[in-house]
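**Q** Taken in order, these protein sequences are the chains called G and H. For the first sequence, the numbering used here begins at 1 and goes up steadily by one. For the second sequence, the numbering used here begins at 1001 and goes up steadily by one.
No lab work stands behind these hints: they were computed from the structure. All of these numbers come straight from a predicted model, not from anything done at the bench. It cannot be assumed that every hint is accurate.
Below, in silico cross-link-like pairs of lysine-lysine (BS3-like), each with a Cα-Cα straight-line distance of 30 angstroms or less [stated by the list, open to error]:
hint : chain 1 : residue 1 : chain 2 : residue 2
1    : G       : K238      : H       : K1159
2    : G       : K260      : H       : K1192
3    : H       : K1098     : G       : K313
4    : H       : K1115     : G       : K260
5    : G       : K132      : G       : K202
6    : G       : K313      : H       : K1329
7    : H       : K1192     : G       : K324
8    : G       : K324      : H       : K1112
9    : H       : K1114     : G       : K260
10   : H       : K1098     : G       : K51
11   : G       : K56       : H       : K1099
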Amino acid sequence: MLTRKTKFLLWTLILIFSAGLSQAQARDYISIVGSSTVYPFATVVAEQFGKTTQFKTPKIEATGSGGGLKLFCTGVGIEYPDMTNASRRIKKSEVELCSTNGVKEVVEIKIGYDGIILANSRKAKPFRLSRKEVFWALAKNIPDPGGQQKLIPNPHTRWSDIKPGLPATKIEVLGPPPTSGTRDAFVELVMEEGAKKFDWIKALAKSDKAKFKEIAHTLREDGAFVEAGENDNLIVQKLDVNPAGLGIFGFSFLDQNGDKIQGAFVDGVEPTFEAIAEGEYPVSRPLYLYVKKAHAGVIPGVNEFLNEFTSEKAWGEDGYLADKGMIPMPEEERQAFRTDAQKLNTLNLE
Amino acid sequence: MNNTEPEQTDAAQPESPRTIDIVNKGLAKRYGREKRFKMYGFFAVAISLSFLALLFLTIFSNGYSAFYQTYVKLEVFFDPADIDVDDPANSNFPGLVKKTLRSEFPDVKKRKEKKKLYSLVSSGAAFQLQRMIEQQPELVGSTMTIEVPADDDVDMFMKGNISRDVPENERRISDRQLDWIDKWLKEGRIAKRFNTTFFTSGDSREPELAGILGALTGSIFTLALTLLLSFPVGVAAAMYLEEFAPRNRWIDLVEVNINNLAAVPSIVFGLLGLAVFINFFHLPRSAPLVGGLVLTLMTLPVIIIASRASLQSVPPSIREAALGVGASKVQTVLHHVLPLALPGMLTGTIIGIARALGETAPLLMIGMVAFIVDIPKGFTDPATALPVQIFLWADSPERGFVERTSAAIIVLLVLLVVINSLAVILRNRFERRW
C-alpha cells in the first residue's frame, strides 16, 4: 500500500519537475521587471495589450529601478526579462554590466514624465516654498547663517523660523525611504538644487563631489523628516489626519486624492498636469523603458507591445496613461522615441 | 505530628495567636490576591480580543462595500457596420460603447465633454460586448439592454466616497458628470449589485475590473505543492528521528538545526529559493512550482517538530505490546504508532500550511510579486498569491483599490479561519488522550 503511494508521489514530483524544465525552454509571454514608479503605468499598457491582441498579457514585476536593471543585464535568453522599467536613466556601470553578460543591444525608450509633489492636507493653507527653503528645512546640517563657510546642525523647528511668511507650524515632512526611486529624485531635484543656492556649496559640487553629496543628501533625523515607508496611500491618510504635515510622493497620488490633499507651490509653480507637462514645474523626472533587442522576434509580441506602448492612445496627451497620472512628453519627443521603438534603434552611451 | 507543634508554642507563649486565626486573618488578602490574578488574566484576554475586534471591524467596514459594484444599464444597438462577426477581436467595440453613450445624451458636442461622458463607463464595457458577440454572433443587428460596470470614480461616488459638497476642481467627478449620473439615477438605470467580477477575474489596473481569482488560484497551486511535498517528507523525517535514529551527537546536531530552521526569517528561504531553484536549476521565475518548493522548505521544520511531538505522545506501552507479540520495528511504527500520532501530525501540518498561506516575503525574491492578469492554469504559469495581491493593491493610487484591499484581506481571513477550524475539528475528533 504505502510503497505504491510513495511511487505515485515520486512520479508526480518527476512530472512536475519535467514540466518546469520544458516550460523553461519556451516562454510565450513578455516578462518585464523594474521601477515601482513606472509599474502603475506599464501595467495599464500590459492589460490593454493582453485584452486587445492575441498575445498573452505581459508579466510585470516591481523590483525597483536598480534591481530591475540588474536582472535585465544578467543575460540574453528566455529565462531573463525582456524589458525593464526605470525611473532614471541607465548608468554607465549598468551598460557595462549588460555588455559583459552579452546584452549588447539595448533599446532605450523614454515614455513620459513623473512629477514629484510636496503636498499637505486641504484643511490647511497650501504651502509656497522655494527649493532653498526646503533644503533649509530638511537638511541635517545647514550652512552657518552668519556667512561663514561652515555647517551647523539644523536649528529650525517651525516653518516660520525659515521665512516669516511661512506658517508657524512644526516642520514635519513625511517621505519615502532611501531605497525608493522617489527619494533619489527628490534629493537630486530639490535638495541638491537648494544646496547650490549657496555659492560655496555650489563650488564644492565641482571640487569635492563626495562632500557636496553628503551635505545635500543627508536629511534630518530629529523628527522633522519622517520616513513613512514605500506606501504612498499611507502618507495620504496620515496627511489627512495631520493638517500640519507635508508629504512627498508621485503626481498620480495627488491626481487621485485631490479632495484630500493639495500640492505645494515650488518656486512659485503649482504642480498641475499642465505645468509639469510644459516643464514649468521644476521637480519632475523622466521615466524609461529598456528593451533587449535580441529578444524581439524570439518572445512573441515584443514589437507589438512596443507599438501599443508608443501609440497616441496610450502615451499621447489624451491617452489612457495620462488618465492614470503619467505626464506625456511633447509631440516631437514622442515622435522620436516612437521611431526608436519601431526600428529598435539601440542605445549608445558615450 | 503537625498538631503537637502549635500546642507547644501555645504553651510557651500564651499571647501568640492560634494558627487558625493567622489563616483567617490572611484569608481576605489571599482571596483578594486570587481574584486580582483572575482579573489580570481576564483583562489580558479582553485586551487581545478587543484588538482583534478592532482589526476585524476596520477591515470589514472598509471592505464590505467592495462586494458591491455600480452597474449602468445601456441600450446597445449592435451595429453591423461596426462589428466584423468573423473577427470580433478587431472590431471597434470601444467605439460602439461611445456611440451608445452619445445617443443617450445627444446634446453633448464638445470634445472635452464627450471625453467626460465616455469616462462614466468602465473600459471593461467594450470587452464585455466583445465577449457577448464572440459567444452569440446572432446578436449583431439587434438592440439590447446591457448592464455594464461603471467607472471606478462613479462607483466611489455612488458609495459615498466622493462628496458632492467639495468644490468641483477638487473632486474627480465634474458637475456635468453629476448631472448625467442624476439622470440615470432618476431613471433607475444605475444601481449597485453584487460584485461577481471580484471573484471571477484576475488582477486589473481598473479597480472595477480587478478580481482575486488569479491570486487565489496561484495560492492554491502553491499550497497544494507545499502540502504534497512537505507532509510526506516531514512525517518521514520525524518518524526516523523519533523511532529509528541512534542517539548520538550527530542526531543531536540535526535536531538543533531543525529547531533553528523553524525560527529563520522567511525572506531567507526566498533568497535560498532564488539561488538554488531559479539560478541553479533554471526553473521559471514567478511560478507556483518554485513558490511551492520555497514554502515547503519553510514549513518543513514546523511539520517535523509537530510530528515528533505527536509521536512522543504515543505511550511506550503501545510499542512494547506490538513488539511483544512479534511485530517488527517497521510494523510497530507503521501499524500502531503512526495511526495514533497522525491526527497530531495533521494538525501541525495544517497550521504550517496556514502560515505559508500568509507569506509574502519569500515570494518577493522569486518574482511572485508581479502584475499578472491571466489566471494561472498550471504549476509553471506565472502567478501571484493572495497576500501578494493585497500588498500590490494597497500600493495602488486609485481609491477604488482601498476597499478592494480590505475585501481581499477578508477573503484571506475567511480562508485562514476555515483552515484553522479544520485543524481544531481534526484534533477534537481523532486525537486520543492518554
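**Q** Each hint: holds or not?
**A** Hint check results:
no.	hint	result
1	G:K238 x H:K1159	22 angstroms, holds
2	G:K260 x H:K1192	25 angstroms, holds
3	H:K1098 x G:K313	15 angstroms, holds
4	H:K1115 x G:K260	25 angstroms, holds
5	G:K132 x G:K202	13 angstroms, holds
6	G:K313 x H:K1329	73 angstroms, violated
7	H:K1192 x G:K324	25 angstroms, holds
8	G:K324 x H:K1112	17 angstroms, holds
9	H:K1114 x G:K260	27 angstroms, holds
10	H:K1098 x G:K51	18 angstroms, holds
11	G:K56 x H:K1099	29 angstroms, holds
Figure legend: structure checked against the earlier numbered hints; the only hint not met is number 6.
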